[in-house]
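Undergrad: Hey, can you work out the whole structure from these sequences and the hints?
Chains as they are written, first to last, in the working numbering: chain F, 74 to 432; chain D, 45 to 462.
FYI, nobody ran anything at the bench for these hints, they're computed from the structure. Incorrect hints may appear among the rest.
Derived DSSO-like pairs (lysine-lysine); straight-line CA-CA distance at most 30 Å [claimed, not checked]:
1. D:Lys119 x F:Lys111
2. D:Lys283 x F:Lys93
3. D:Lys243 x F:Lys101
4. F:Lys107 x D:Lys283
5. F:Lys269 x D:Lys119
6. D:Lys338 x F:Lys111
7. D:Lys283 x F:Lys105
8. F:Lys352 x F:Lys411
9. D:Lys375 x D:Lys243
Residue-level listing of the chains:
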Amino acid sequence: MTAAKKQLAPRDNGAPDHMKMLHPAMEKNYGKWKRHDKIRPGVLKYTAESGDAIFVVRAGSPRTLSVNKIRQICDIADRFCEGHVRFTTRNNLELVVTDEKDVDPLINEITSVLGFPIGGTGHSISNMLHTQGWMHCNLPGTDAAGAVKALMDVLHEEFTREDLPHRVKLSTSCCQINCGGQADIAINLQHHHPPKIDHGTVQQCELPKVVGICPAAAIRPMNVDGKSSLEVVEEKCMYCGACHGQCPSMEIRDPDTDSLAIWVGGKSASTRGGPSFMKLAAFGLPNNPPRWPEVADAVRRILDAYRNGAREYERIGEWIERVGWKNFFEETGFEFTKYHIDSYRFARTTFNTSSHVRL
Amino acid sequence: MSDEPKTPLLDDLEEGPWPSFVKDLKDLARTKPEVNQLLGQMERSYEDRVNYWTGTVLNLSGYGGGIIARYSDLKEEFPDIAQFHTIRVIPPSGFVYSTDSLRELCDIAEEYSSGIMQLHGMTGDLLMLGSDNEQTHEAGEALMERGWDIGGSGGALRTLACCVGQARCEMACFDTMGLTKHLTDTFIGELHRPEFPYKFKFKLSGCANDCANSMQRSDMPVIGTWRDEIQVDQEEVRKFVDEHGEQYVVDNVVSRCPTQCISLGEGGIDIDDRNCVKCMHCINVMHTALAPGKDRGATILIGGKRTLKIGDMMSSVLIPFVKLETGEDWKCFTDTVRGIWEYWSENALDHERIGEFIDRVGLGVFLESVGIEPSPQMVRHPRTNSYIKFEEYAAPRAGGEPVKAPNIVDKDEQAESA
Ligand code: SF4
Ligand code: SF4
Ligand code: SF4
Ligand code: SF4
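TA: So, in structure tokens, the structure goes:
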């Protein structure tokens, strides 16, 4: 313990001033951009009304970065980019130069010093959204950063080229809370049985809150050896793990049975048909660190079918919508089972309520 | 270092073309030995497929969130990561940094944490990993001393996120970065002191491309749009058609418009703007020739969220169009938000996101309660279910007369007769 308690720093500072963080050319032309041109994969040119132009170089980052690595990024940005850096929603690094002649030397620095690949623009696979996994979350059944590394090693060429029908966004989630989010292809952990309750420790949680959080109303209070505890009605439980997030004594994870599922066709943009949720493509893939080869193989199958079958500007969900799920399952070779048919709220809205059938 | 844990499974992830966090962390471990213990614990997870972190609560003085506290379950073996907390830091809007500011964060992370950062978390925070209880407080003070602030967690407003917007994108229909900072600063109390039924997230995208992933990841997406005509440069249209061929334009632009409002003729391209839903597709493809209109603003949506706990929910339209240019526009928006929070906070169940709440009370009731006029842009189509509870036909109360419903559907007529 320190002897004298130091005075507290000011609270409620709010957000830093982004205008001070911007590259001077971006600050000067703020709100006055006119057009962009694709120079090559990973490099975009933006031209302002003033005639000023910037060249944006995009590189894939692993998101988890040591201070050493970040300082290396800063060194490069100081040399080439007047001391400014940006990160994208999908964890890519963006560096800006104003002279096209600096693009190649900058790329050379990024690839040789940082080891980051250039790409993630246009019709490519972008960097994979993920969260904490075994590095820092209290809930995961699988890893996040490692799964991304393993998969992006395999999909590296799709990141650095722009040769897909449209962009493909990936995500992974290490429990069924699904922090990774909607994506064209998402890899999510799946639990397979109700939580096991530790009746000895469960009292440490606020039991009514644990009961209240269950979306299936499957949890009810129970007395075990004179102590208040909980029980789970197994037929109602859908193994979502919400209770585990509320109370660690509701153990949902199981290394022997947890497996991975692949979901396809999520889209956030309102372009064309609008946003869409992803749908179940394959399940029961083994949780197989450090490389998860079965998952990589399944993702590759989806990408191959997409590349062969989709038209330009069709995202994965739009392509499947056009060719139909029958063709999707045929072309990927995944088996369609009764588990692919929704059984939750609004399931009927997902049934084929017409006589439109591809034969 | 004698007790450096062996990590054969993680070592495998040092190979391959994608940058390896394992390699980076091993390099960091030369000056930060606790990082070796982190890798050691992760290796154990890789072997056992079991997680070894327990979550707990830790708060900085004056704040009710922003620290993600973790205790290692293997603290006998890995004592240096017995407490290994994450601090959420509010980043500059749009994740833009000067290298000075990044270096400052690195110095703080190196001094008070393990020196691992994540740029960025899924909500949009900058994350600093690996402080013990005391260091967490010291890091918090050091950050705030230098003008940074702590992000949100729990039943609070969460750290906001936005697309790059006007900083470099010609599609941006409002100042995403500026409004993100304004909302953060205006609602900083709601962000730091959890008083909501559950979390509330804003994400701001300058156009329908939604680069901030707002639709499914935020309770209130703000998505840029316009209400006049798409700007067409017919000269550039002709160049585009010459370059790509007419068939390409028909296949990739005309026939892909969701409302079929584009036609291609001798004079170039013709757009039925009244029917355009501002989806951005044609502008994305022919970005040298087409641009969003000039009378710009945003559509405000509500209710999106990820799976937990009742399945994913997509946001839906709340305010079809607002201007977001002047301070007054922004004030009008923040006032609306306050009204919505008030109604939600008073009436929602514990852990009920606003989308779930709206599903329970009904969008119609919600709109009336927060003072927003219903409009057809809010639905795909009117109801198909014929069981309607008209308030005007409410059953007579004890001793009271039944109230007669106005048999009026035409508002103009209604106004005339009034
Ligand atoms: S998906 Fe689950 S395990 Fe992974 S970070 Fe989110 S809450 Fe934690
Ligand atoms: S796993 Fe989900 S459904 Fe099952 S008891 Fe827990 S909260 Fe309820
Ligand atoms: S959402 Fe629109 S305005 Fe924002 S960066 Fe993406 S394309 Fe540009
Ligand atoms: S923006 Fe979308 S809806 Fe409007 S004309 Fe273009 S393609 Fe059609």
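Undergrad: Go through the numbered hints given earlier and state which of them the structure violates, listing their numbers in rising order.
TA: 1, 2, 3
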